[in-house]
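Participant: Each chain is listed here by its residues.
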Amino acid sequence: MTVHNLYIFDRNGSCLHYGEWNRKKEAGISKDEEFKLMYGMLFSIRSFCSKMSPLDMKDGFLSFQTSKYKLHYYETPTGIKIIMNTDLGVPNARDILHQIYSTLYVEYIVKNPLCVLGEQLSSDLFSTRLDLYIRALPFFSPRAA
Amino acid sequence: LCRECKRLTILNSELFTLTYGALVTQLCKDYENDEEVNKQLDKMGYNIGVRLIEDFLARSSVGRCQDFRETADVIAKVAFKMYLGITPSVTNWSPAGDEFSLILESNPLVDFVELPDNHSTLVYSNLLCGVLRGALEMVQMAVDVKFAQDSLRGDNVTEIRMKFIKRIEENLPAGDE
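Line order of the protein sequences matches chains A and B. Oh and the first sequence: position 41 is 41 in full-length UniProt numbering, straight run, nothing missing. Oh and the second sequence: position 74 is 74 in full-length UniProt numbering, straight run, nothing missing.
If we strip away everything but chain A, and leave its shape as in the complex, we get (with noise of 0.2 angstroms):
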C-alpha cells in the first residue's frame, strides 16, 4: 500500500503544493500543464456530479479509482483542495486528507504571515512535516504492493 503523489490548490486554481512519493510513469507533459489539466478536470467533475445527481448532493465529488490507482479528493468551503493517489489498498482518505488540511496548511501556512497566500508554498518546515506525516501514513511502504 502506498501514497503516490499529492496536490494542494487554491481556490483560484493555482497549485500551491506538490509532493511525490511513489510515481512510476510521468504524464509526459510539463508539470504546470500537468496542474492546469488535474484542476480542470476536477472542476469538470465536480460540475458533472452536481448537475447528474439524482438526489441532493452532500459532498460531492469524492473520489475516483482505476484498476491500478485510486485518487482521492477534499475540498475546503473555501477553495482550498488537497488531491491524493493511493494505490487501490486505502479505502477512504477523507479524513487524513481534513488532517493535512487541518494541521499542516493551517498551522504552517496560514498561521505564517510571512507566507503569501495563493502562491507557491516555499515553506520548507511544511514540506517536511508534510512528508513526515505521509510517511507516517499506516498504509503507506517506500514501493507500491
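Please keep in mind that the hints were generated in silico from the structure rather than gathered at the bench. There is no bait here: all hints are sound.
Derived pair list, reagent style EDC-like, types lysine to aspartate or glutamate, alpha-carbon separation capped at 20 angstroms: (1) A:LYS36 - B:GLU170; (2) A:LYS58 - B:GLU70; (3) B:LYS81 - B:ASP55; (4) B:LYS166 - B:GLU99; (5) B:LYS77 - B:ASP55; (6) B:LYS163 - B:ASP67; (7) A:LYS51 - B:GLU169; (8) A:LYS111 - B:GLU137.
Add chain B to chain A, keeping to what the hints say.
Facilitator: Same frame as chain A, but now just chain B:
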C-alpha cells in the same frame, strides 16, 4: 506542544484587550484622523479574516452553509464563541432575508475603554467588521458589515449590521476554455 494542549491554552483576556487598545492608539497617533483609522482597522481586519476563516474551518466541523440564515447562526453561535468567548444574538432580519443584526451584550475588545471627546467618530472595534468581511469573502460571499450602534459612543448595546451583497462565483483560471 500537542494539539490538545494547544487548544486548552487560554490567552489572558486583559493582554488581548490591552494589545488591541495599543494598536488603536498607535493608529490614531499615526493617522491623526478618525476616518482614516477606521479604514485602516477595516483593512487589517480584512487581512486577519481571510486567514482566520481557514483556522475556523479546521477547528470547527462546520461545512458549507446552505443559506444566509445558517451563516448568521454559525457566525454568532460558533465563530464568535470560539474566538471572543461571546455569543451575540441574531435579530432584525430584513424581509428579503439578506440583512441581519448581531447584538453584542459585551465586547472583549472594549473592556475598560472610554472614547475621549475628540474621537467621537472613531469606530473603535472596526477591526471586527473587516474580519467578518474578509472571512466571508473566502467562502464566496460578498457582504457589507458595519456598526449600527456602539456602546462606546453612547448607545445601549453594540449592534453590527451585516448585509449580503452577492455570491462570488468560482471561476476557471484564465486561459482554459
